[in-house]
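**Student:** First to last, the protein sequences are chains A and B. Throughout the first sequence, residue numbering follows our numbering, covering 88 to 226 in sequence. Throughout the second sequence, residue numbering follows our numbering, covering 8 to 131 in sequence.
Derived from the structure by calculation, the hints contain no laboratory data. Among the clues, some could well be false.
[Unchecked claim] For lysine-lysine, the following DSSO-like pairs were computed, each having C-alpha atoms within a straight-line distance of at most 30 angstroms:
hint : chain 1 : residue 1 : chain 2 : residue 2
1    : A       : 96        : B       : 79
2    : A       : 185       : A       : 219
3    : A       : 185       : B       : 16
4    : A       : 126       : B       : 121
5    : A       : 185       : B       : 121
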Amino acid sequence: MLAALFVAKDWPVRASIIILLLGSIGVVLALLQLRLDFKASRAAGTKILRPTYEVQAIEHQGRWGSLEIWAWLWGLFFAIHLIGFLVALPLFVFLYVKLYGGNWLTAILLTAVTWAFLYGVYDNLLNVPWPKPWIGFSS
Amino acid sequence: MIFAKPIAKICFMPFYAIVPPVVAFVFIGAFAANFHTYDLTALMIFSTLGFFMRRYGWPRAPLVLGMVLGDKMELYLWLSYTRYGLEWLARPMVIVLILLLIASIVYPILTARKRNLETSLSEA
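Between the sequences and the hints, there should be enough to build the whole structure, so can you do that?
**Tutor:** Take a look at the structure:
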């Protein structure tokens, strides 16, 4: 925030007004929070009671914790760039269903529905300009 | 209404039947916004950010609110400033809103302090 304030001070008013306003308020609030946290940490045995806005984070159940789902998401992301949407998405659906205990019928059905939706709605109807994949399989 | 019961049965479907179509739609939706693959990168960045915010208890609602309202807020701030200079801050409704804003920040701090004090007194 301090860096943003420093950079924005030389900009024209139109560009810098919101940065200067929010940055100044942000710096003040951050310093206040820092002071509160520092004061609380120095007092021995004092629990820091803060208003909570979120429910407690759920711990991911599974062998690799949350790494598993992240691997799937990044895998899909790179697959889309490598082989294109029309192949990557149905492949992702098929592999996920099969590897997590679905039977062949469910896997094939969901894959077919995904592909039909992609091809029918987005490719045929909307003529979406799919990005050119890095290797083959372009539509 | 007639489809409410069949649609409610989706809640009882196994996760491997729900997750892939949902993820597929998320990726398609992200791409379909501007038909650019940079949006997929933005999707991954914000997914990672949201995950860590949820993991470490940071509220995500203010971030989303800021992203949605930030544009309009900047526009109207600029319009107010060009129209009235700094005098817009002295308008009655603006003063009331600023006071409410300060109260919404200060009140939780004071409540937490009071609770802290009560806890330490009861332990003593």
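**Student:** All hints are to be evaluated individually against the structure, with a verdict given for each.
**Tutor:** The hints, checked one at a time:
1. Annotation: proposed proximity of residue 96 of chain A to residue 79 of chain B holds, straight-line Cα distance about 22 angstroms (limit 30 angstroms).
2. Straight-line distance between C-alpha atoms of residue 185 of chain A and residue 219 of chain A comes to about 28 angstroms, which keeps the hinted pair within the 30 angstroms bound.
3. The hinted pair formed by residue 185 of chain A and residue 16 of chain B meets the criterion: a straight-line CA distance of about 22 angstroms does not exceed 30 angstroms.
4. Our distance criterion of 30 angstroms between C-alpha atoms is met by residue 126 of chain A and residue 121 of chain B, whose separation comes to about 15 angstroms.
5. This hinted pair does not check out: residue 185 of chain A and residue 121 of chain B have alpha carbons roughly 55 angstroms apart, beyond 30 angstroms.
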